[in-house]
Amino acid sequence: MAIAGGFCPLPLRLGGSDEEGWSAAQFMRATADVAAARRTRPFAIMTIEGDGSTTATVTHYRSAHGGPNPTTIVYQAPGEILITWPELLPDDHGVEFPASLTSSRITFGHGSALVAAKAEVTSRRTVYLESSSSAAFTATLVIFAEWGPELRGIGDYGGAPDKRDDESERVPYAFQWYQELGATLGSAFGDQRTGAVHAKRLATARGLMAVQRSEERLRCNATPATASALLDRWAETLLIPIAPSDPEWLTRQRCAAKFAAVAGSSIEAIENAMTGLLGDRFVSVQTHYTDALSDQTTSTPPTTLWDERFDLGDGVWASQQSHITVRVTRPGDPKDAAFRDLMHVQFPRLMSDLVPAWVTWGWSATDGGGFILGTSLLGYDGL
Amino acid sequence: MTEPTGSPAWTGTADATTYGGHADKRDYQAQGVVNPQTDISAAEFKRLTADIAASARTAAFSRVSVTCVDPAGPPVVTSVWQMTGRNSSGYAGDAAPTGMPSAARGGDGNVLLTWATSYEDDYGVAADLTIRGVDVSSSGGIETWEIVSANSVRVRCYNGAAAALADALFTVTVYT
Chain D
118 MAIAGGFCPL
128 PLRLGGSDEE
138 GWSAAQFMRA
148 TADVAAARRT
158 RPFAIMTIEG
168 DGSTTATVTH
178 YRSAHGGPNP
188 TTIVYQAPGE
198 ILITWPELLP
208 DDHGVEFPAS
218 LTSSRITFGH
228 GSALVAAKAE
238 VTSRRTVYLE
248 SSSSAAFTAT
258 LVIFAEWGPE
268 LRGIGDYGGA
278 PDKRDDESER
288 VPYAFQWYQE
298 LGATLGSAFG
308 DQRTGAVHAK
318 RLATARGLMA
328 VQRSEERLRC
338 NATPATASAL
348 LDRWAETLLI
358 PIAPSDPEWL
368 TRQRCAAKFA
378 AVAGSSIEAI
388 ENAMTGLLGD
398 RFVSVQTHYT
408 DALSDQTTST
418 PPTTLWDERF
428 DLGDGVWASQ
438 QSHITVRVTR
448 PGDPKDAAFR
458 DLMHVQFPRL
468 MSDLVPAWVT
478 WGWSATDGGG
488 FILGTSLLGY
498 DGL
Chain W
3 MTEPTGSPAW
13 TGTADATTYG
23 GHADKRDYQA
33 QGVVNPQTDI
43 SAAEFKRLTA
53 DIAASARTAA
63 FSRVSVTCVD
73 PAGPPVVTSV
83 WQMTGRNSSG
93 YAGDAAPTGM
103 PSAARGGDGN
113 VLLTWATSYE
123 DDYGVAADLT
133 IRGVDVSSSG
143 GIETWEIVSA
153 NSVRVRCYNG
163 AAAALADALF
173 TVTVYT
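Listed in order, the protein sequences are those of chains D and W.
When you line the first sequence up against my numbering, it's residues 118 to 500, in that order.
When you line the second sequence up against my numbering, it's residues 3 to 178, in that order.
Next comes chain W alone, as it looks inside the complex:
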């Protein structure tokens, strides 16, 4: 099998050249397309590669929706949209399917989400996960986050009185 160039999208290392968009890419003898119904020009191809790179760089690695089950139960992960796959059926946070993040309760409205340390892309190319940015929004609460390690994030949700928000619903988006 041919090994794809570059590294998986979540490493954020790709630029247009990774996708073949060399700066000097040009049509052979500068003649342009032969038939526009069947051909792609160098200029069109370069725009395509630049836009793929731009989108890959800023795409979120994972977007996870969680429902806290307080005071004792493990949080329920209701959906995961991730660069490596999706889960829309939901699961208990302490029984995460392979590749999906686990969710552990740390208190009311307090959840530790943990991903794998490394993931593979659709071609089986592996790369480590390093979380560098987090965005959280909750339903009716105020939230804070904390990057605990390269692959784990803690989210805390509060109510308007600055007390821990029991049974909080939140969506966390992580960027690499």
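In isolation and in its complexed conformation, chain D is listed as follows:
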């Protein structure tokens, strides 16, 4: 559908034509690139002119926070300048955030004169400049800093790995209602797109659109995979642990995986649940069946076949038939915190609820080509 205009008020719904819409894929690229640019952008670029001993002026200041130059600049001694930023700086919407300077670069424009100079971040809000000369100068200072809301990535902008084009409102609801009202009242409404009659017809159509969207919103909130307003309730009901830094889409993904588990513990249900939880990282569910039951090494308690971690009481009792290995792709960084949280917190919780108590399970990490680096008993920690 068209993503803006009188017939399609916010929230913005993805999809539609290149001319009028914004596809999910295009939106995802935009959010990823904005997040990437934000991570490496300078905080401020400033040009400073000084007489070398008493007076320095910021002649140009451009920053991530916008607005005029907020710094104070003072000479501490000839050739030595201290620049100080205020504690809080507002963004374009007037929301104030603390700035924490991290690094700086300076080069002096002395024309043909050679002057050694340095810039050093001396505190969270100050930069110290030093020049080997007390002659007049022009310098460009590039500052890098932590500033703005905590960057959690694409989630800040509504991005998510499962983003897709909207299928329900390809033609804006308001426009459908607008046409419907015209058909109902015929020539009483006319075809004009200006004037009081058009305005009333559009306002009525938008009101009916809101009702229709409310019904769709209710349906979406009825399952966790598409819930927004009720997502917190879903997480509470499904006992999904949420860290403050978790983006909304990750919570939705975990809730959806847990919810899918209520279908039972068939291999198909486990595969679906793992796909939901692990996404692209999921490779396969591996069982340990053999053709003949007599080939099974069935253990009766007590036994030494299985690791004592599988002891559910009265010793270990299990068989090779009741073990499931979930294969996942290995992350590039073995200390990837998100991966460890996924496999050591989210995965065990889901499997514990998903499979019967007499089924043991583990996971192994592969390198993407199918080679198993770990086994259920070795696990990722053993690598």
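Keep in mind that a hint or two might mislead.
Below are the SDA-like pairs computed for lysine to any residue, each with C-alpha atoms no more than 20 Å apart in a straight line [what the hints assert, rightly or not]:
id, chain 1, residue 1, chain 2, residue 2
1, D, K235, D, E213
2, D, K235, W, T7
3, D, K235, D, P207
4, W, K27, D, H210
5, D, K317, D, G303
6, D, K235, D, G211
7, D, K235, W, G126
8, D, K317, D, S304
9, W, K27, D, F124
10, D, K235, W, Q31
11, W, K27, D, E213
12, D, K235, W, G143
13, D, K317, W, Q31
14, D, K235, D, A194
15, D, K235, D, G303
16, W, K27, D, A327
17, W, K27, W, T13
18, D, K235, W, A164
19, W, K27, D, K235
20, D, K317, D, A339
21, W, K27, D, K452
22, W, K27, D, S304
23, W, K27, D, A320
24, D, K235, D, V191
Hint data in this document are derived by calculation from the structure and do not stem from the laboratory.
Predicted model, so just to flag it, every value in this text is computed and none were measured.
Since the structure of chain D is already known, use the hints to place chain W on it.
Okay, now just chain W, sitting in the frame of chain D:
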């Protein structure tokens, strides 16, 4: 064709409203998203526009790497990363491709870089170039810069003995 709002990024004039992030932007009837898999809320959209504006304001216009060919040859521009395009194949400073800066030798380790006076963005919207900030780093040298005009910058590289550095390698970043 629809004309985009505002001016190209290197004018540094954009704020969140340029990208549609009006201060009072809100979901219709304050109802939030219908389906989070397919929708973008007003709050998310506003964050997106504010961050685009912030990044556009502080982005460098051009980052150029140069190798001096002393004592006589024109400097070689080895790469250009610029808001309007890139060149990774390199070129002789006196034979710059369209849109890329030229580089003229002024002495050992002394190069005058000149850009066009005006550039067009991806939609063909033109805006003048006004260089206001310069950052230079060289390989093994000490460098200074001088804004000669709105679209040209002179870079000088020296060695540790304060003598002109022949065959200097440097990267200059210009901000507008």
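Here is how each hint holds up against the structure:
1. D:K235 / D:E213: Between K235 (chain D) and E213 (chain D) the Cα gap is close to 30 Å, so the pair fails against 20 Å, i.e. violated.
2. D:K235 / W:T7: 40 Å, violated
3. D:K235 / D:P207: 29 Å, violated
4. W:K27 / D:H210: Since the Cα atoms of K27 (chain W) and H210 (chain D) sit roughly 11 Å apart, the hinted pair holds (cutoff 20 Å).
5. D:K317 / D:G303: Holds, because 15 Å separates the two Cα atoms, which is no more than 20 Å.
6. D:K235 / D:G211: 34 Å, violated
7. D:K235 / W:G126: Measuring from Cα to Cα gives roughly 40 Å; hence the hint is violated.
8. D:K317 / D:S304: Holds: K317 (chain D) and S304 (chain D) sit about 15 Å apart, inside 20 Å.
9. W:K27 / D:F124: At roughly 16 Å apart (the allowed maximum being 20 Å), F124 (chain D) and K27 (chain W) satisfy the hint.
10. D:K235 / W:Q31: With a Cα-Cα distance of about 54 Å, the restraint between K235 (chain D) and Q31 (chain W) is violated, given a limit of 20 Å.
11. W:K27 / D:E213: Within the cut-off at roughly 18 Å; holds.
12. D:K235 / W:G143: 14 Å, holds
13. D:K317 / W:Q31: Given that 20 Å is the threshold and the Cα spacing comes to 17 Å, the pair holds.
14. D:K235 / D:A194: 15 Å, holds
15. D:K235 / D:G303: Status violated; Cα separation ~76 Å.
16. W:K27 / D:A327: Holds, at roughly 17 Å.
17. W:K27 / W:T13: Judged against 20 Å, a Cα distance of about 25 Å means the pair is violated.
18. D:K235 / W:A164: 17 Å, holds
19. W:K27 / D:K235: 44 Å, violated
20. D:K317 / D:A339: With a Cα-Cα distance of about 33 Å, the restraint between K317 (chain D) and A339 (chain D) is violated, given a limit of 20 Å.
21. W:K27 / D:K452: 41 Å, violated
22. W:K27 / D:S304: Not OK: K27 (chain W) and S304 (chain D) at ~35 Å, beyond 20 Å, violated.
23. W:K27 / D:A320: With Cα atoms ~18 Å apart, K27 (chain W) and A320 (chain D) stay inside 20 Å; holds.
24. D:K235 / D:V191: 16 Å, holds
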